[in-house]
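S.K.: Respectively, the protein sequence lines represent chains H and X. Its first residue numbered 1, the first sequence is counted upward by one per residue in the working numbering. Its first residue numbered 700, the second sequence is counted upward by one per residue in the working numbering.
Keep in mind that the hints were calculated from the coordinates and are not lab data. Possibly wrong hints are sitting among the right ones.
Unchecked claim - With beta-carbon atoms standing in for the labels, derived distance ranges:
id, chain 1, residue 1, chain 2, residue 2, range
1, H, K278, X, L774, 48 to 58 Å
2, X, Q711, H, K53, 25 to 35 Å
3, X, G756, H, S69, 55 to 65 Å
4, H, G467, X, S747, 47 to 57 Å
5, H, P13, X, L774, 50 to 60 Å
Said to hold, decoys possible - Taking lysine-lysine pairs in the DSBU-like style, the calculated list, with each CA pair at most 35 Å apart, reads:
id, chain 1, residue 1, chain 2, residue 2
6, H, K42, X, K709
7, H, K278, H, K184
8, H, K508, X, K709
9, X, K709, H, K240
10, H, K255, X, K709
11, H, K101, X, K726
12, X, K763, H, K508
13, X, K726, H, K41
14, X, K709, H, K184
What the hints assert, rightly or not - Just a sample of chain H residues kept apart from chain X, beta carbon distances all over 12 Å, derived:
id, residue
15, V205
16, I243
17, D308
18, Q667
Backbone N, C-alpha and C fix where the C-beta goes; we use that ideal spot for every residue, glycine too.
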Amino acid sequence: MSKQINVALIGNPNTGKTSVFNALTGLNQKVGNYPGITVEKKEGICKLSRGVKAHIIDLPGTYSLNASSLDENVVIELLLNKNDKDFPDVAVVVSDVENLKRNLLLFTQIKDLEIPSILVINMADRMRYKGISLDIPYLEKQLNTKIALVSTRKNYGIDELKELISNYRELSTVPCMNASEIDKDYFDGLRKAFPDQLLYKLWLVITQDVNFGKTDRNEIDPVADFKTKSKSELKRLQQKETIKRYQFINETLKKGQIIDLSTAKDLRIKLDRILTHKVWGYVIFFFILLTIFQAIYDWSSVPMDFIDSTFASLSEWTKNALPEGTFTNLLAEGIIPGLGGIVIFIPQIAFLFLFISILEETGYMSRVVFLMDRGMRRFGLSGKSVVPLISGTACAIPAIMATRNIESWKERLITILVTPFTTCSARLPVYLIIISLVIPDKRFFGLGYQAMTLMLLYLIGFGAALGSAMILNKILKIRSKTFFVVEMPNYKLPLLKNVALTVVEKTKAFVFGAGKIILAISIILWFLASYGPGDDFNNAEEIVATEFANQNLSEDEIEHHVASQKLEHSFLGITGHAIEPAIRPLGYDWKIGIALVSSFAAREVFVGTLATIYSVGSDDEETIKNRMAGEVNPILGGPLFNFASGISLLLFYAFAMQCMSTLAIVQRETNSWKWPILQLVIMSTFAYIIALIAFQVLK
Amino acid sequence: MQATVAHLKKGQRGIITDVSSIYIPLKLLEMGCLPGNFVELVQVAYFSDPMYLNINGTHLAIRKETALHILIDIL
């Protein structure tokens with residue numbers, strides 16, 4: 001077997017790097033993490049000609065090799081470490097034809113590392129539209145590279161790129177400029193002290209603030225006869241280096257690129273006049289959000305009903321088709337309803353991811369950052385906190401990771417701490433089922449009450465996030481440099497392939513991630529619900545027979561009473577009763593209590609748990625929703641899920657910190673247990689109090 | 700008084716003359732905020748903060764406090 005070619009895709013953010021990655025690898029890609037850190041690692045396989053394969057890594061977007069975040073650090077760490085198994089045989093630097101000047105900065109740095117490099121000029125289809133013409137042979141000569149003009153939108157240039165990758169051995173490794181001219185003496189000294197090291201690699205290791213795992217600074221420090229420089233001197237040199245690189249780039253592009261502004265059309269200016277307008281910008285943003293929530297509700301109701309009834313019949317079918325026994329019961333009453341409780345939410349979660357990825361792909365998200373910065377600062381947040389807060393509606397975990405581009409540590413910490421208040425997709429199952437039980441399905445001027453309740457819950461989530469941010473801003477005494485830069489990329493029509501891949505990948509991750517926990521918990525719950533200690537459980541038939549001896553009950557009714565007698569005295573029932581005093585004031589019975597406790601691991605377990613509890617012992621084909629609607633409050637009478645207890649539950653879930661994975665990620669990102677523990681205690685206590693007040697007022 | 704980016708009016712252009720490296724992060728320089736390059740104010744949010752700029756063809760937004768440290772000649 002021939003060796004795979006290792007390819008690293010590198011580029012500025014917003015250059016369509018991921019589109020190139022998708023075009024090269026198609027569905028042959030997987031997403032994981034870099035060892036020890038939570039930076040997403042995307043890799044894939046691309047088939048080249050003559051049976052050769054390329055292993056492609058899509059590195060995080062970066063403006064330069066001077067890392068200022070964990071994500072950017074990944075890029076440098078890989079490029080500096082020849083022993084890494086992913087060290088690239090060839091670097092594919094992706095640039096955007098409209099921002100060539102800026103994109104080339106990174107390219108010249110990579111050339112200085114003497115790694116064979118290909119320059120991809122992406123979005124080439126926009127050249128004519130923007131009045132840009134390029135002298136490719138000239139640019140290739142000046143930059144010592146091969147250039148591929150690519151358009152992932154119009155689908156050309158990818159085959160040429162593959163060809164260049166196959167022939168990577170022919171690429172030049174000679175740098176295209178000499179950066180060491182910025183301080184000759186210093187670099188000469190450096191060269192003398194470390195004759196067998198690459199000069200530019202030394203420079204990068206010296207100037208990086210971040211700690212390198214493998215490429216250790218210690219290799220350099222021990223040599224005494226080399227004069228070091230102070231931090232501010234180094235920063236000045238980096239500045240000089242940047243200017244130097246731009247001089248080279250400007251000169252190269254002066255001859256290699258002609259921009260005829262008279263033929264250029266600019267949609268951006270026209271759109272931004274409205275979309276970032278002081279008034280209309282906000283109005284439009286609000287309407288976009290409103291549309292999204294209405295759509296999530298309307299579009300997913302049909303597939304959800306279908307999934308719900310399918311799982312109910314599947315359960316019934318399993319019971320009838322398989323031989324009677326413990327395993328059949330476990331399957332039909334434990335596993336299938338439990339899984340149904342998660343599968344049912346695939347439509348909504350997929351739609352949510354769909355909208356978020358469209359907002360990102362079009363470039364609109366940056367406008368939101370711009371619009372919101374001023375307002376968010378009042379709460380101690382940054383405009384960039386909006387992205388975590390919005391993507392927190394999908395899942396708090398990637399959202400907390402998305403805080404990394406917030407420059408100020410205080411703003412970032414506050415964002416991390418408040419993001420779990422936003423309504424993540426795991427809360428959605430709980431909200432939807434309870435809303436459908438307690439809020440009437442009526443419309444008001446075309447807007448459904450149910451959809452509006454949902455939107456209100458999202459707003460409450462954001463409100464809680466902002467309110468607590470404001471308090472944290474007052475309490476936390478952290479001095480950190482505030483500084484804020486956000487690129488405003490061009491508007492683009494979203495690429496169907498990119499959006500589809502994101503939706504599939506994220507939904508899959510959610511379903512499998514949550515599915516594992518739910519499956520495990522469903523099985524445990526089923527056992528706890530199906531076995532119990534003592535006479536009350538084991539002699540349930542006799543007890544019921546004596547109790548109802550005088551009433552002429554049908555066989556079905558007797559069976560039902562036996563089932564509830566058993567459940568109540570099972571291990572699960574006993575546990576539930578034990579915690580009942582604490583949750584009764586909130587309007588919940590012991591069954592909800594169990595679901596509440598089990599959902600402290602992950603919120604979405606709630607519905608699955610209730611589904612399992614309610615289906616144990618019941619024989620008829622019923623959907624989860626109908627079963628819940630049929631529950632009666634043992635003390636107050638009337639339906640258990642009524643307006644008061646429903647609202648109380650909704651509010652509890654809105655505020656409580658019930659996600660172990662989020663706590664784990666907060667611990668990793670803040671590097672301390674203090675913050676996640678505070679989050680857990682404060683959020684859950686607050687949730688309890690609010691839910692208590694809501695039920696007591698409404699009942 | 701020396702003009703800065705914060706003094707630009709919407710649609711106005713200037714040429715960057717100096718950036719104070721203490722206040723301006725390297726990242727901004729890397730995005731093209733360097734002496735000799737042009738800067739145009741595209742759009743402002745409330746109270747002119749943040750400011751949406753076109754610097755040397757790169758569109759980006761920065762806060763006013765940062766804009767105050769980029770010296771320019773207004774065109």
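S.K.: If any of the earlier hints don't hold here, list their numbers in rising order.
M.R.: When the structure is compared with the hints, numbers 1, 2, 3, 4, 5, 6, 7, 8, 12, 14 and 16 turn out to be violated.
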